[in-house]
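S.K.: Sequence:
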Amino acid sequence: MNNMNPSDLALLPILEALIEERHVSRAALRLNRSQPAVSHALARLRDLFDDPLLVRGEGGPQPTARALQLAEPLAEALALVRSMIEQPAFDALQCSRHFRLSLSDYGAAILLPRLVARLRTSAPLIDLTVISYGRERALTALVDGEIDLALGVYPALDQARYKDLGSALLFEETFACLHDETVLAGSLSLDRYLERPHVRVTVALEDDSEIDDALARLGHKRRIAVQIPHWSAAPEMVRGTDLVLTAARRSIAHLGTGGLRCNDLPFQMASFPFVQTWHRRREMDPAHRWLREQIAGIVSGTSKPTSLDLLRPMHEA
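Numbering-wise, the sequence shown is residues 1 to 317 according to UniProt numbering.
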């Protein structure tokens with residue numbers, strides 16, 4: 001390591017952002033600095049540590065072994081310094097940030113209108129970009145720093161590769177099925193359910209289906225006649241056809257009118273958690289934490305979560 005001047009200490013937060021974001025542009029956005037300024041700082045850091053720190057790799061820039069070695073002691077040192085400095089109270093009205101969220105059609109329908117309405121009144125300078133990623137893609141994007149928050153159903157969260165992701169339960173959901181009574185009168189027995197063709201909604205083909213997994217455990221398989229990425233189009237495909245749609249109850253319960261009928265499943269399935277998840281590097285970011293609180297508050301019907309336990313990583317609970 002080359003000699004460090006006192007003025008070089010100001011580069012350490014930039015190094016932290018570069019290691020975590022793995023991208024000069026994202027680090028600049030996070031630090032509210034220009035990209036040339038961060039590039040210049042990276043050049044000086046490379047000279048100080050006699051290491052490239054970020055190198056081109058598969059999927060974009062990747063930290064070197066030396067950078068990964070520095071990450072933990074750097075985070076601890078900066079956390080200690082920050083804890084010594086009294087932070088001003090967070091002011092949502094004055095917060096100018098851009099957050100990137102991953103939401104499915106379903107998640108967007110039940111959360112996004114209320115979240116946007118709240119932001120427009122409480123934090124009008126906060127901007128959102130909403131992306132619809134598959135489950136695995138969303139978690140990978142969180143790890144890579146490509147998005148700030150993902151909301152949905154993520155069974156893989158307990159895997160070791162996602163140990164740095166924290167999660168908060170928003171609500172427990174159950175499955176129900178929708179069919180057109182003018183074509184298929186009455187409730188659905190398991191035999192009638194299996195005889196009918198089905199609509200499956202999935203953003204990514206590789207995402208697992210809890211419904212098909214549950215049927216397989218019972219020794220059954222349904223026929224998927226139509227597979228689409230958009231939940232909003234699915235109910236109208238059921239209307240006037242023999243198709244059956246199995247989906248989260250919140251998304252179809254209100255549609256059980258005008259010929260359509262919403263039924264319980266004709267087989268047992270456990271409820272499943274709908275969560276918000278983020279990378280722990282965002283854990284204490286005041287704006288990010290405020291946004292998570294607003295989302296939890298929307299679901300619970302309050303302005304904020306009733307307990308800070310909502311903010312604990314699920315894998316630590």
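Calculated from the structure, these hints are not laboratory results.
Treat the hints loosely; a few may be bogus.
[Claimed, not checked] Restraint ranges, calculated between C-beta atoms of paired labels, are given here:
{"#": "1", "residue 1": "D191", "residue 2": "S271", "range": "42 to 50 Å"}
{"#": "2", "residue 1": "A225", "residue 2": "Q159", "range": "27 to 35 Å"}
{"#": "3", "residue 1": "E181", "residue 2": "A79", "range": "38 to 46 Å"}
{"#": "4", "residue 1": "V183", "residue 2": "M284", "range": "48 to 56 Å"}
{"#": "5", "residue 1": "E58", "residue 2": "G240", "range": "27 to 35 Å"}
{"#": "6", "residue 1": "H254", "residue 2": "E58", "range": "21 to 29 Å"}
{"#": "7", "residue 1": "V183", "residue 2": "Q268", "range": "24 to 32 Å"}
{"#": "8", "residue 1": "T121", "residue 2": "V55", "range": "41 to 49 Å"}
{"#": "9", "residue 1": "E72", "residue 2": "G258", "range": "54 to 62 Å"}
{"#": "10", "residue 1": "I131", "residue 2": "P155", "range": "16 to 24 Å"}
{"#": "11", "residue 1": "H40", "residue 2": "S96", "range": "31 to 39 Å"}
{"#": "12", "residue 1": "R223", "residue 2": "N32", "range": "32 to 40 Å"}
{"#": "13", "residue 1": "D191", "residue 2": "S96", "range": "41 to 49 Å"}
Beta carbons: idealized from backbone N, C-alpha and C, even for Gly.
S.K.: What hints, given by number in increasing order, does this structure fail?
M.R.: 1, 3, 5, 6, 11, 12, 13
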